[in-house]
Structure formats: C-alpha cells, structure tokens
Amino acid sequence: MNDKQTSVAGFRRRLGHAGDVMHDRWQQAPGWQRWIVYLLLIVAALLLPSETIGSFMSPDTDWATILFFPIGTYVLLAIGLNVVVGQAGLLDLGFVAFYAVGGYAMALLGTRMGWNFWVIMVAGIAICALAGVTLGAPTLRLRGDYLAIVTLGFGEIIRITARNTDEIGGPNGIRGIPHPPSFEGITIGDVEIFKYGVLDPRPYYYLLVALAVVVIILVKRWEKSRVGRSWAAIREDEDAAEVMGVPTFRFKMLAFAIGASIGGAMGVLWAAKSISINPNDFQFLLSATILAAVVMGGAGNLPGVMLGAFIVAWLPERFRGLQEYRMLIFGAVLVALMIFRPEGLLPSRQRKAELKEGSGGMGTLGAEVPGPESHGEEVASK
Amino acid sequence: MFNDFINQFWPSTVDGLAFGSIYALIALGYTMVYGVLRLINFAHSEVFMIGTFGAMFVPFVLGINSALTGLALVGVIILMILAGMLASAGTAVALERIAYRPLRRRGASRLAALISAIGASIFLQELFALIVIPEVFDRPQQGRIQMALPPIMERTELFSIAGHPVKLHQVVVVVAAVGMMVVLDRLVNRTKIGRGIRATAQNPEAAVLMGVNIDSIVRMTFLIGGGMAGVAGALYLIAYENTNYYIGFLFGIKAFTAAVLGGIGNLRGALVGGVTLGLVENYGAIFFGSDWKHVISFTILVLVLMFRPTGILGESLQQARA
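Chains as they are written, first to last, in this note's numbering: chain A, 1 to 382; chain B, 383 to 704.
I should point out that these hints are in silico values taken from the structure, not numbers from a laboratory.
Certain hints may be false.
[Claimed, not checked] Heads up, simulated SDA-like pairs for lysine to any residue below, C-alpha to C-alpha not over 25 Å straight-line:
1. B:LYS675 <-> A:TRP32
2. B:LYS675 <-> A:ILE168
3. A:LYS195 <-> A:PRO70
4. B:LYS549 <-> B:TYR665
5. B:LYS675 <-> A:ASP281
6. B:LYS675 <-> A:ASN278
7. B:LYS675 <-> A:LYS224
8. B:LYS675 <-> A:PRO171
9. B:LYS574 <-> B:TYR665
10. B:LYS675 <-> A:ASN172
11. B:LYS675 <-> A:THR134
12. B:LYS675 <-> A:LEU285
13. B:LYS675 <-> A:ASN164
14. B:LYS675 <-> A:PRO138
15. B:LYS675 <-> A:LEU147
16. A:LYS224 <-> A:GLY19
17. B:LYS675 <-> A:GLU167
18. B:LYS549 <-> B:ILE388
19. B:LYS675 <-> A:GLN283
Just chain A, with the same shape it has in the complex:
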C-alpha cells in the first residue's frame, strides 16, 4: 500500500515540476510574446463556435448555444467567484444571488423602464456592487464556515423573496426581456456579429467573450496590485494582515463588491439573451456548481478556474447520452477529485504551498486531528 502511494505521489510531483517549469518560462517571457499568446487565445475563443469543433464537443446539442450557456456563463461566474474565494479566501456559497440581482435588474429596467441594454449593463454592475457591499457589511466580520452559511442563507432569501413578490412576477418571473440593440449588416464569415436576435446565439457568445476579456484584464491587474496583495495577506492570515496595517474589512468588502459586479454583469447579459427569467434559474445548486468549478480548477489561479468552469459546464452537456445520470456522476467526480487532488487541476503555486503546509488561509480540516498516516510536518502548529 505504501509503495503504491509513493509512486502516485512521485508521479504527481513530477507533473507538478513540469508545470512549474512552464510557469517559470511564462514568467520570464518578454511582454510581446505573452501578448501574442493572449491574442491567439482570443482568436481561438472567437473561432470556437464553428461546426467542426461543435460536432466533436457536443454531438447532442447545438454547440454555439451551450457555449453561451452554460459554458461561457459558468466561466465568467467562476472568474467572479474566484476573486472572492480564490483571492480573498472568503467562502461564498450564495454567489448566485448576485447573478440573480443582475438578471432581475436587466429584466425590470428593460421591461418596465424601457432602458437600453448598455445602460442597464452599467446600472446593473453598479447595483450588484452595491448589493455586494450591503451583503458584505454585516456578514464579513464572520469567518470561514460561518460566512459560508450566511451567504448561503442570503442566496436563498433573495430567491424566495423573488418568488414571493408578485410585483416582480412571483414564481413566473418576468417575460419579454429586450435583446441588446442590433447593428445589422456587419458580417464576419456568415455571422452577423451585432445582430442580437432569437435564432443565432453566436453574437451573444462574442459579446460574452468581449466581456470576459475586459473582466480578465481587470482582475489580473487587481491581482498584481496592492489590492491583490492585500487579498492574499487576508487569505493567508487575517489577523497578521490586520496587524500589518491592511484594512482587512475594507478589502474584503472590495472583493465582495468586485465579485458581485462580475456575477451581476453576467446576469444582465444572460437575461438579455434568454428573454424570460424566473426565480428557479437561481437555485443553490448553481452556487455550488460554480464553487465546485473554482475549487476544481484551482482556486486563485485564473486559467485553472476557467478550465474548471469549462469542464463543469461542458462534461454534463457532452455526455447527454448518459442522460439523467450526469448529475450523479458529477457528484461522484467532485468527491473523487477532492480525495485525489484537493488543490485543483491547475493550482496556483502559492496556494499549493499553503495546502502542503496544511495551514491554508481557509483554516484546516483535521490539522488538529492527526491521523495515523500523517507526519509531523503536515500537522499545523496551532
């Protein structure tokens, strides 16, 4: 048993080493090389909805449609949640609430006030940032699991309130949400890229890619800035950060607000495409799925998180052949993944170090309860 374990560990270490080499190369590459890679990735994202790729990726459903929802939607939501969970280390189980607020902002302002999509996008982001601060102000004094439960409670409160309030459609939700304004006649290939209709999902997908690019650039800049370093400090040890002069409460609020804005922006875009929304679109399961995507990909590492979201969204669609069993398998995969690779598929390096030490910023499970197999260095000194 021991032999097997060491060989598995050895393999994982070698794999991790290869990853580190790649990572170092990337860090040392000159700016223009990186920009070329970024541009190639964007071009690849734009070419993604083609039929050829689709016939392999999703033989059972329309590829371009699932690229927008769930794949693209999950990726963007995961990027937003990653700011909260991965960077600031705040466990949020009610992220779907902000997505819902964004969706309802689009639906209400679009149908009742007749506002333009772009105006609502800005307003929706502001509303969600506000919602993030409002929710964060009372709850962010809590830590770890307690915060998780409170956010879960808030997510459910928002959903049930939407269901019980007839002024915003009650359980039936809102129908007839306007699409973004179209500019007809601009085509690339055979796609009218600015014609937002009912039939072709590709223009929405391109809009989503554009939104994602903007969000990724912003999030990356934040991560490298003073704000990002403060988040990392809070995640590692909140008390130490506070003592070192980091205004932890303000930065936690900021993380919440930014995460909420990203979720909200996605909500606005999603509502604008799907014409009708109702409270059941915002179930707890969605929050759990997005969190699973973040952790599965490697919390704190943006490419990892995006990969995780892609897998979580794509796998069940790809294997529609297995029909209803997909959620069953999804659950089992989550458990297996946490057992065999708890740091995620593409862990951030810093994160890996924390996990190895057994005293990550989110506290430890059982570090105080050493099992027979654990060695001295794995037990956190508390």
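Chain A is fixed; fit chain B onto it per the hints.
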C-alpha cells in the same frame, strides 16, 4: 393581525414544537460533528433524507395500507424509527469513510471538505431519484415525485389546549424526540464513548496521547449523529406522511440554523435552538404568511451569526472559536 395571532397561537405552538423537535434531532448531527472535527457536515441533510426513506421501507415491505391501532401501531412506529436510524447511521458512517477521512488524514483545507460534501450530497440525491426510489420502492419514472406514506395511523385528537386540538402524531414526534435527546445526553455524559467524544472535542492531540482512538471516535460521532437524523426522518415521515429526494436541503439548512442558534458544538443547545426555531418560524408565519416561513428562518440565521455567533447557550463541547 393581532387577532390572527391570538387565534392561531396554540396550533402554531404545537406545530412549532413538532417541527422544532425534528430540527433539534437533525441539529444534533451537525453539532456533534462540528464539536469533534470543527467541520460542518454539509451532506448531513442527505442523511436525514435517507432516514425518511429508510422509515418508508417498513410499511412498504409489510404492505400496510390501512390505519393501525394499539400494539401493532406502536410496533410499526418503533420499526420505522429503527429502520430510519439504520439507514441514516449507515450512510453517515459511509460518508465519513469515503468523503471525509481521506481528506482529514491529509490535513486538506476546509474548502476541500466542503466541496467533497457538496459532491456527496448531489450524488446521494441523484442516487435516490434515479435508482433507489424507482427500483427499491418500485416507482419507475417517478423518482423525482413526492412519495406518500400509506396511512398508518388515525390522527385522533388526544386532548385539547384552549379549544385547539392536539393530535396523536404531534405527541408522538415530541415525545420520541425528547426521549432520544435524553438517551443521547446520557450517552455523551455518562459512558466511555461519550468521554472519548468530549475529550476529542476539547483537545484532539491530548486525547490521542491519552489513548483515545480518534478514528473510532470520529466514526462513533458520525454514527450517533446519523442515527439521530434517522430518528428525525422517521418522525417527520410519521407526522407529515410524505417525502422526496430533495427534502434534505431545506431541513438541513434549518437544522444547521438551529444548531447555530443554540450554540454549535453544544448538545443541549441543539434542543433549545431547534425548538426556538420551530416556534419562531411558525409564529412568524402567522404575521407574514407561510410563504415567508423559510425567509424568516434564514433571517434568524443571519442575525444570530452576526450578533451572537456563539448561540444562545454558547459553544460548550470545546472553547469558543477564535
């Protein structure tokens, strides 16, 4: 509105006590696991769900379809409670073995345990919706539809308080729940296993040094907590006569709220929290309508965590959290 409250005060109180007892029994599982491992067992809600189906299995196998009386009724109720306990305790132990122990051994992060629990939760729900309900209970294509218990007892009125009837099933629930609580309290405070559990909760390292086998204590904790959730499942089924594969979610959150309300890690707190929550929820429903019942309990949860995170009775199995 105030008149409504006067009129419905006693029925709501009785209902609140019955629901509160069920919350309290489930809350015990959260609170014990939290006390010992400092882990919120998110999959505990599914343990409760499986308890309801374990209890459902008894009348299903016996083929009961008319109301029973006397000894037969008592026997069936006891069998249902045992079946619920067995199913739930088995699930809880399996859960610990498969989803938590490998993580605990490696000292993985709390987040990993949380995701593992969510995964296990989804898995168990789907397992019941897709396989257990259609196959075992012989309801093909109806795995996601509410399943009703055959009528096993008449809901006779036992006595009345201020002109409002108190029915048999409500009394059964409260009496059985209080009985289980007393047994559990004795178990934890008077037996050797109980001493091991308390020692581990206070200081796991010292407990190991004193010769406590942590693994078996953790297993016992899950077993007992699961058993209590099984009792809760059986009682819920007896009193409200239906269940479905998704029932655990709401009860799980409510019970967790109850645990936090009473002081997580504190066994008596679970009882106090459960009953308080059941009552407040039902009184609140008189004012705001039953649509808002769940919002009331989530709001209570948020308020308690904000203003008194140690709960009504405080954390007692170990020192307060840092």
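Hey, LYS675 of chain B versus ASN278 of chain A, does the alpha-carbon distance stay inside 25 Å? With Cα atoms ~20 Å apart, LYS675 of chain B and ASN278 of chain A stay inside 25 Å; holds.
Compare the distance between the alpha carbons of LYS224 of chain A and GLY19 of chain A with 25 Å, and conclude whether the hinted pair is satisfied. holds (21 Å)
Hey, LYS675 of chain B versus ASN172 of chain A, does the alpha-carbon distance stay inside 25 Å? holds (20 Å)
Is LYS675 of chain B close enough to THR134 of chain A, meaning Cα to Cα at most 25 Å? holds (23 Å)
With a cut-off of 25 Å on the C-alpha distance, tell me whether LYS675 of chain B and LEU147 of chain A pass. holds (22 Å)
Quick one, are LYS675 of chain B and GLU167 of chain A close enough, alpha carbons at most 25 Å? holds (19 Å)
Holds or violated: LYS549 of chain B to TYR665 of chain B, with C-alpha atoms at most 25 Å apart: holds (19 Å)
Taken at face value, is the distance from the CA of PRO70 of chain A to the CA of LYS195 of chain A at most 25 Å? holds (21 Å)
Under the criterion that the straight-line Cα-Cα distance not exceed 25 Å, is the pair LYS675 of chain B, TRP32 of chain A satisfied? violated (58 Å)
Is LYS675 of chain B close enough to ILE168 of chain A, meaning Cα to Cα at most 25 Å? Distance ~20 Å between LYS675 of chain B and ILE168 of chain A Cα, so the pair holds.
Would the hint linking LYS675 of chain B and LYS224 of chain A be met if the CA-CA limit is 25 Å? Violated, at about 45 Å.
Going straight from one Cα to the other, do LYS549 of chain B and ILE388 of chain B come out at no more than 25 Å? Roughly 20 Å separates the two Cα atoms, so the pair holds.
Hints 1, 7 and 9, counting from the list given before, are not met by this structure.
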